[in-house]
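Using the sequences and the hints given, assemble the complete structure.
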Amino acid sequence: MEKRRDMVRLEDIVVAVEAARIPAKDHDPKLYYYEIRHDELDWTEPVEIGNDITVNFMGTLITNAPLELTDGFLEPTWEEKGIICEKMQEYLVSPEGYYAENSI
Numbered sequence: 001m002e003k004r005r006d007m008v009r010l011e012d013i014v015v016a017v018e019a020a021r022i023p024a025k026d027h028d029p030k031l032y033y034y035e036i037r038h039d040e041l042d043w044t045e046p047v048e049i050g051n052d053i054t055v056n057f058m059g060t061l062i063t064n065a066p067l068e069l070t071d072g073f074l075e076p077t078w079e080e081k082g083i084i085c086e087k088m089q090e091y092l093v094s095p096e097g098y099y100a101e102n103s104i
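FYI, in full-length UniProt numbering the residues of the sequence shown are 1 to 104.
Among the hints, a few may not be true.
Said to hold, decoys possible - Okay, derived cross-link-like pairs now, DSS-like style, lysine-lysine, Cα gap no bigger than 30 Å in a straight line:
1. Lys-87 to Lys-30
2. Lys-81 to Lys-30
3. Lys-81 to Lys-25
4. Lys-87 to Lys-25
Since the hints were derived computationally from the structure, they do not count as laboratory data. All values reported here derive from a predicted model rather than from experimental measurement.
The following block contains the structure:
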């Protein structure tokens, strides 16, 4: 049986998802920053949220409320994975997003 966790709804607190690491010196002190790990075989599927993700880094999740991390990590639900992917897509196609910064 899956352990339930009490947590605010991710869709209510996500401010942004970016494809890059954001240095601590650039953090807004009013926001919370977490790193996202992608699946070993599918770089488009977020499988873990936490601090200091080093392997399979996918992006940075920025929220306006803290997440309840168990042992420093959180495994997103299917719904939360969808929210993360949707926000990542918004970032990638935005005027200041990845594609704008890396266009020829």
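Quick rundown of the hints versus the structure:
For the suggested pair Lys-87 and Lys-30, the alpha carbons sit about 20 Å apart, so the restraint of at most 30 Å is met. Between Lys-81 and Lys-30, the direct Cα distance comes to roughly 24 Å. Compliance with the 30 Å bound is thereby established for this hinted pair. Simply put, Lys-81 and Lys-25 have alpha-carbon atoms about 27 Å apart, close enough for the 30 Å limit, and the pair holds. Restraint check for Lys-87 and Lys-25: satisfied, since their Cα atoms lie roughly 23 Å apart, inside the 30 Å limit.
In this structure, none of the earlier numbered hints is contradicted; all agree with it.
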